[in-house]
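Asks: Starting from the known structure of chain U, arrange chains Z and A on it as the hints suggest.
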Amino acid sequence: MENSINIKLKVWRQAGPKAKGRFETYELSNISTDSSFLEMLDILNEQLINKGEEPVAFDHDCREGICGMCSLYINGRPHGPDDDVTTCQLHMRKFKDGQTITIEPWRSAGFPVIKDLIVDRTAFDQIIAAGGYVSVNTGGIPDANAIPIPKPDADEAMDAASCIGCGACVAACKNGSAMLFVSAKVSQMALLPQGRVEGARRAKNMVAKMDELGFGNCTNTGACEVECPKGISLANIARLNREFLKAKAQD
Amino acid sequence: MVKIDAKIPEGPIAQKWENYKANQKLVNPANKRKLDIIVVGTGLAGASAAASFGEMGFNVKVFTIQDSPRRAHSIAAQGGINAAKNYPNDGDSIYRLFYDTVKGGDYRAREANVHRLAEVSNSIIDQCVAQGVPFAREYGGLLDNRSFGGAQVSRTFYAKGQTGQQLLLGAYQALMRQVNAGSVKLHTRNEMVEIVMVDGKARGIISRNLVTGKLERHFGHAVVLATGGYGNTFFLSTNAMGSNGSAAWKAYKKGAMFANPCFAQIHPTCIPVHGEFQSKLTLMSESLRNDGRIWVPKKKEDAEAIRAGKLKPTEIAEEDRDYYLERRYPAFGNLVPRDVASRAAKERCDAGFGVGTTGLAVYLDFKSSIERLGRDAIEARYGNLFQMYEKIVDDNPYETPMMIYPAIHYTMGGIWVDYELQTTVPGLFSAGEANFSDHGANRLGASALMQGLADGYFVLPYTVQNYLADDIATPRMTTEEKEFEEAEKAAKSHFEKLMDIKGNRSVDSIHKELGLVMWDFVGMARNKEGLEQAIEKIQAIKKEFWSNVRIPGSEEDMNVELEKAARLADFIEIGELMARDALHREESCGGHFREEYQTEEGEALRQDDKFAYTGCWLFKGEDQEPELHKEELKFEVVKLVQRNYK
Amino acid sequence: MSSTLGSSIGKKLLMSLSGLFLIMFLLVHLTVNSFLLIPDGGEFFNAGAHFMATTPAIRVIEPLLAIGFLIHILYGIKLTLENRKARGSARYASGKKTTGVTWASQNMLVLGITIGAFLVLHIAHFWVKMKLTGDPLLEHTTITIGGVETEVENAYALVNHTFSYLWIVIVYVVAAVGLAIHLSHGFWSAFQTIGFSNQIWRKRLTVLGNIFAFVIGFGFSIIPVLQYLFYQG
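Residue numbers (full-length UniProt numbering), protein chains in the order written: chain U, 1 to 251; chain Z, 1 to 646; chain A, 1 to 233.
Chain U extracted, bound-state conformation:
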C-alpha cells in the first residue's frame, strides 16, 4: 500500500575525473515507498534543476535490471540493501522514514570516476574483446541442431551468461578483482561445444587482459557472488581456474 517517507541523502559529487569529490547532503520529503530508487533520484534532480543547480549524474538506462548500466554503492552495498536486484529495481520500501542514505560510485582502480556517480567500465569491454567470443564469422554455419547439447550444460551456460556486466562484483570485492565477470563468460563458452574449441586460448587471453588492466587477484571471499544481481556463482571462478591452468599446462 502507498506510503511515503522522508529521507536524507549523502551523495558523492565530483565534477570530473581529476576533480576532488565530496559528499553533499540533501533532504527529500514525501517519497512514495512504491517508487524506485532511481525515481527518487529523479525527484532529487528535478528539485536541483528547479533550484538552478546541476543535477546528480548517474548511469542508468533500461530500468528493468537487464542492461547493466545502473551502478551505485548504497549504504554499504553495491545495488543497495535488497538482494538479487540492480539499483533500478531497488524500491524505496526497503528504506525507513528518517533514514540517511549514502550513495557512492563504484570504487575500484579499474573503474575510474567520470562524474559524480558515473564510473568508466570500458575495461570490461576490453576483456571481452580479448577473447570473450566464439571466433565465427557471419554465414556458412551448420544447422543449429547439428550438435545436440545436454540440457544441464545448456542451462548452466545460460546461468553463467546471465551476467549483465554491471561491475557490482568488482565494486564489492576488497581486491578489486574482476574474476566473477571473466569467469562467467569463460564458463558459458566452456560449457558449450561451440565454445570449447578455442577454450584454452580464450581463458589465457581474457585472464591476461584482466591482469593487464590492473584488476586485483581473487581471494575467494565470495562478496562478488553475494552482491551479483544475477546470482552468478563462484563455481564459475573454479571453472575459470581449471580452464586457465589446464590451458597453461598444455603449452
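Treat the hints with caution; some may be incorrect.
What the hints assert, rightly or not - Output of the computed footprint for chain A on chain U, the stretches with three or more beta carbons under 8 Å from beta carbons of chain A: (1) 64 to 76; (2) 102 to 115; (3) 197 to 210; (4) 214 to 228; (5) 234 to 248.
Simulated from the structure, these hints should not be mistaken for laboratory data.
All C-beta atoms in this analysis are idealised placements derived from N, C-alpha and C, irrespective of residue type, glycine included.
Replies: Quick look at chains Z and A alone, frame taken from chain U:
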C-alpha cells in the same frame, strides 16, 4: 524531387532475394579496406551489421550513446526470436512465417521484405547457436520452441526470459572480436548529432562526445543508422530511458523520408502505472500469455470492491471471472496479437471492469497453469519475470494474479527504406527498429529480434556492399572539408541555442506533458478531433520548450540534461508528425486504431482501397507542413482479408 | 611457465599449492604432537621426534617446508599489496555491509601475520634449540623402539618445560585459534583456486575445511593447555 522507388527485385516472391544476391555488385578485398562504413547504434541490428562489415574487411566506425555496446535496449527483449525452422513439426514453413507476419502487420508491410525476413530467419538461429548463445534445449539436447502471439505454431526460440540479452551479447561479442582485430573502431558515450552530406550523399556524421561535450567529425563512405525506435515520445514506455528518435530525426531533416510514424505498438502486458513520479514502464514478456489467463471481474461491483481494496482477486469465484480474450477470440484466446489484446484490455477498463487502485489494470492469472503443470514448471519458464514483478509491485504472482496494462513498446514506423534498406538519402541506410520495414501496422511478438539480426547479419552486408561497389574510386575524405565544418557549426549552434534558453522548467516536466498528450490523443484509440487537438497542443509544447526549458551546466562538459533536452526537442517534432500521420490515415489497422473506423464488434476496420500504402513524409523546412508521398503496397501473394483471430 | 606464475591465477596457484602443502605438514605435526598427551613420561613422543629427526625423507622435506612457508608468506604479501592497489585509494564511506562473507576471508593477511609472528617464537623455542644451539633439557635419554634400546634426545623434556610458562601457553592457544580461522577460509579456498570446486563440492569443501580447522585449532590448543595443567612435575 525525391522519388519513392522500393527497388524490389524481379521474380516470384521466393526467388527475389536469391535473384538480388546473384546480381548484386561486389567489392574485392583490397578495396574493402579502403572503404569506411559508419554504424550508429549497437543494438541487435547495429552490432550485427558492424561485426559483419568488419569480418568482410571493411573499415568500420561504430557509435553508441552508452558506455558499452552491450547496453543497447535490444538487451531487454525477453520472450524470444522467431524462425521458420519447423523443428516441432507443427506445419511451419518460410511461407507461413511470411504470411503470419504480413497478416499480423495488418497488411501494411512490403511483401518482398517480409519474405526475405522469413527466408533468413533460419540462418539467424544457426548463427547465434554457433556464437554460443545458450538457447533453451530439450532433454535430447535439441533446441526448444514456444508459441507466441499471432501464430498457431511454436516457432519461437528462447533463452529463459532473457533472449534479447543473449542475442545481443552474441552480436556484441562478435563486434568486440572485430574491435580486437582492428577492423572496427568503437566510440562509446558518443552521440550522433548531425549527418554530413557531400554532393547529395551521406558521407559522415558529427557526433558529440558525451563525456567531454566536444563535437567530433567522422567520415564514412556510407552511414548506417540502427538507432532504434521513438517510443519514448510518450515519455512513459517500455523503452530504456536513453532510447530516442534523434538520429532518425536528423536523417529526416536531411531528406530521408519518415514512413508510417503513427504505427506505434502498445504492448498488452506491462506493469501498470503507479504514480506521477513514474519514470518508465516495465514489460512483462508476452510469453507469459502462453500460460497465463487474462481476466477481469464479470460484475462491476466486484471490480469496484477490488479497486477500493475490499476484495482480493483470489476471492472471486471462477464463474464470476470474465476471461474476455478467450470469450471474444476462442481460436487464439490469450494469444491474440498485441494490438488486439491491448485494445480488449482498454475496452474492459473503459467499461468499468478494470482493477488495481487506478482501475487501469487487468489480471494475468497463472493459477490454472500452476495447477496443471506445477509451480516448478512455471518457475522454470518464467522465474526471472515473476521475481522482477515481485520486486516492483511487492506481490507474489505465484499466489495472486499479476496486474497488467498496455503500454507503448515498439514503433513499427521509422525511416523509410527501400529493399536494400537504403533511405531516400543515397548512402544512408537504416536497420532494425529505426527503419519502418517488415512489421506493417503491428509487429508480432519475437519478430523484432528476428528483424534486427536479419538486417544486420544477412541483409546489409549484401546491400551496402552493392552500394559501395560504385564508390571504390572515392578516396577517404578529410574531415576538414567545408561540408563537415558546416555540419559541425550547425550542431554547435543547435546546442548553444538550447543552453541559451535558460528558462524555468526541467526537461522531464515538459517531456511528461508531451507524453500525456500523446497517450491521450495519439495512443491506443485515436479520432479526428483528438488528433487535431493533439497537433495544436504539441505545437504549444514546442513553443514552451524553446522558450522555457532550463538546462544547468555547460555544453562543453558531460551534461545529461542537455542530452535529454536535445532528444526532447526531436521527440516533440516526432510527436507532431505521428499525430499528423494518424490524422491522415483514415482507417484502423494494427497499432493504429481510429475510433471512426471499426466493425460492430469493435475490431479494426481497414480501408484497403484508400490506404493500402506506406505513408512517407518528406521534410520541407522548419515549421513547414511535411509533404506526403505514397509507396503503394502491391500484394501479389497474400490475400487481403480482415484479420480474424476468432 | 614464467607467464603462468606471473598471472593472477598463477600467483594464486602458488598460494594454493604451498597452502595445501602446509596443510599436510600441519596434519603430520599435530599427529606427532598428539603423542605428548600419552602419559608415558614422553617416551612415545621422543620416539616420534627421533624418527622425524633421523628419517632421510624428512631431511629432504624440511627445506621444502621452509620454501613452502616462504612462498606462502611472500606471495601472500605480494598479492595483498597488488590487491590494495587494484582496490584504488578511495574507500567506501558507508563501509561494507555485504552479508554472508566470512571475516576470515577478508582478513587472511592479518591472520597470516599473527601466525607468522608466532612461527618466529615457535622456531626459537624448539627448532633452534633442537637443531642449532642445543639445550640442557635435551640431554639424551634411553627409550625402547621396536624392542631395541635407543638413545635419543629428550625432546619431551624441552616441550614439557616450555609449556610450564603460562604466557607461552596463552600465546600458543591464541596462535592455534588464529590458525584455525585462517584455515577455515584457506582450506576450501586452496581447492577453489586449483579449480577443484563446483556448486556441490564448494559446500563439501567448506564443511571439510571447517572440520579440519577445528581439529587443528583444538588440537594445537589443547596440547599446551593439558601440558601446563596436568603434565608438570
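Asks: Of all the hints numbered above, which does this structure not satisfy? Sort the numbers upward.
Replies: none
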